[in-house]
Amino acid sequence: MPDVAEIDAAEPGASLWRDAWLRLRKNRLAVFGGVALIIITLFCLVGPWLSRYTYEEQDFAQYAKPPSALHWFGTDKLGRDQMTRIMHGGRISLGVGICATLVSLTIGVLYGALAGFLGGKTDAAMMRIVDILYALPFTVFVILLMVVFGRNIVLLFVAIGAVEWLTMARIVRGQVQSLRKQEFIEAALSLGLSQRRIILRHMIPNVLGPVAVYTTLTIPAVMLLEAFLSFLGLGVQPPMSSWGTMIKDGAELMEEFPWLLMIPAAFFSLTLFSLNFLGDGLRDALDVRTSKD
Amino acid sequence: MSEAFLQIENLKTHFPVERGMIIRRRIGTVKAVDGVTFSLARGEILGLVGESGCGKSTLGRTILQLIPPTEGTVVLAGKNLAGLNKHDLRESRADFQMIFQDPYASLNPRMTVFDALAEAMRAHRKIPAAEINERVAALMQKVGLSPRFVKKYPHEFSGGQRQRIAIARALAVEPKLIIADEPVSALDVSIQAQIINLLAKLSREMQLTLVFISHDLSVVKHISDRIAVMYLGRIVEIGPAAQVFEQPLHPYTKALVSAVPIPDPEREKQRQRVILTGDPPSPLDPPSGCSFHPRCSYAATECSRAVPALEIFDPARTVACIRAREINQA
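These protein sequences, in sequence, are chains P and R.
Mapped onto the working numbering, the consecutive letters of the first sequence carry residue numbers 1 to 293.
Mapped onto the working numbering, the consecutive letters of the second sequence carry residue numbers 1 to 330.
You may find that some hints are simply not true.
As the list claims (entries may be wrong) - Below, in silico cross-link-like pairs of lysine to aspartate or glutamate (EDC-like), each with a Cα-Cα straight-line distance of 16 Å or less:
#	chain 1	residue 1	chain 2	residue 2
1	R	142	R	71
2	P	121	R	205
3	P	77	P	252
4	R	221	R	205
5	R	152	P	19
6	P	77	P	57
7	R	12	R	71
8	R	176	R	102
9	R	151	P	57
10	R	126	R	205
11	P	181	R	102
12	R	176	R	91
Treat the hints as calculated values from the structure; they're not laboratory data.
So here's chain P without its partners, still in its complex pose (with noise of 0.2 Å):
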């Protein structure tokens, strides 16, 4: 008779994830970089409303004025507090960061995964039309985009993650390649499984390692687009800042009011080293080759 008992009694076996996530934990580059990116958020997100001020009012008093009990961070030549535009520029950066990244993580997830499974011609064709979007300069594309639709922030967002799914799509069309010539999917096949049921329990639980990865690298890749794009006049309009308008007009003033710089300049650099040591981190903890067998 089978002791059913047994299998109450079944002691929980370590799952990838949770392995990952052991691994993860004992990279302690990677922990500062997950606990550097939550006070980053909850401070840019809550901030402003405890801020005294907010990041168009001018406080004609203090026109430039360098970090004091008053502006913690100085304020710009505008007299503007500086922190609490930090604040403001810190959500549009790390706004346009997520939200590029996510669409671009739906159309690369989608369309790499289609192209892979289906393989064959279609995937030829599509892949194809990867490579030619691969060679369009980017930043032609987005002036030209701006002077056909003017400027505007969701343009933005939209611009970028039409670029950024390239990448996302080879990826994973990779994968799902891989996978689809592995054993544990023939014997899916074999069992009669459905369609649906082999890519959602066995093909994207296998991808999303990869994709969690390269998602926490696209989204400093996608920041610096933006504090290009912003850099050059192509992005954010006054009186909004990101931290890319920010860094920008602190540079023109550099020479005078340093602060202006330096301050957005180390957020930025702070947000951008921590999400590339938390990708890392990542990589390393579900990199099967580093695992153990």
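Please arrange chain R on chain P, whose structure you already have, making use of the hints.
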């Protein structure tokens, strides 16, 4: 032998070989399986041997319709699997299962053993939630694993244990036919015997028809009722295991048998070895006539003319060699 339970008729699997980036031209055909015919009785174990690349695995996958056959029929319990449409085929898949070579690749690394087995059970039958635990536990015990381990993930098991799990998953749908594709070649020698014995025991207990694919004759010797020897997409000899092993008829089988080490140094020293020269020919461009003739020490001029058919040698044995009677007289 009772009437055929699995009947395979003139089964062919040909793969087109294409070249060109955009306009793909067909430059040839690989005849991985080229006209295989045999039948098995219910509960019979067939050992299918041949060297790497001879089409054993493709034959196994074609029988199970994981690769669509180019030609021929596979009749299992009166139903032609090769003629089923997609939907009916998926419904019938519970009847025939596969056990794969690499137990590290054949289990989804993100599913617990319980999930994998329960998924397989529910693939074709509705099973009340109250029963599922009991059934999974029974299945685990059947393959010699403790039900205590069901919540674990594949990477927490050894190779032999994983192969047991893969066997359990194949059994979960209650199949009638199992094709085991080199199920032990990825395992340690010490574990191989355990898995082979487990398969033999299950086949006996459950009246399972089993096709056991291996490149190693000594592995299939003990468990098989009959042995089929494959060379370049065709079966060259088929017969009762002991006879094929003791007195091989086809020159290729003779070479295979003589390559099996004898665990007795005295006898090992005395026996004559048949050493094959050359490599197996390219399946893209097989030799004319009997595809074995360039490597065969008995080859005559007529061997290169026509493909020899499988002919009955004695009531239990068939062989595809025009000189079979001549060479095996003495």
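Results of checking the hints against the structure:
1. R/142 with R/71: violated, 38 Å
2. P/121 with R/205: violated, 48 Å
3. P/77 with P/252: Holds: residue 77 of chain P and residue 252 of chain P sit about 11 Å apart, inside 16 Å.
4. R/221 with R/205: violated, 20 Å
5. R/152 with P/19: Cα-Cα ~13 Å, so holds.
6. P/77 with P/57: Roughly 12 Å separates the two Cα atoms, so the pair holds.
7. R/12 with R/71: With a Cα-Cα distance of about 5 Å, the restraint between residue 12 of chain R and residue 71 of chain R holds, given a limit of 16 Å.
8. R/176 with R/102: This hinted pair is violated, its Cα atoms lying about 22 Å apart.
9. R/151 with P/57: violated, 60 Å
10. R/126 with R/205: With a Cα-Cα distance of about 25 Å, the restraint between residue 126 of chain R and residue 205 of chain R is violated, given a limit of 16 Å.
11. P/181 with R/102: Answer holds: residue 181 of chain P to residue 102 of chain R is near 13 Å, not above 16 Å.
12. R/176 with R/91: At roughly 14 Å apart (the allowed maximum being 16 Å), residue 91 of chain R and residue 176 of chain R satisfy the hint.
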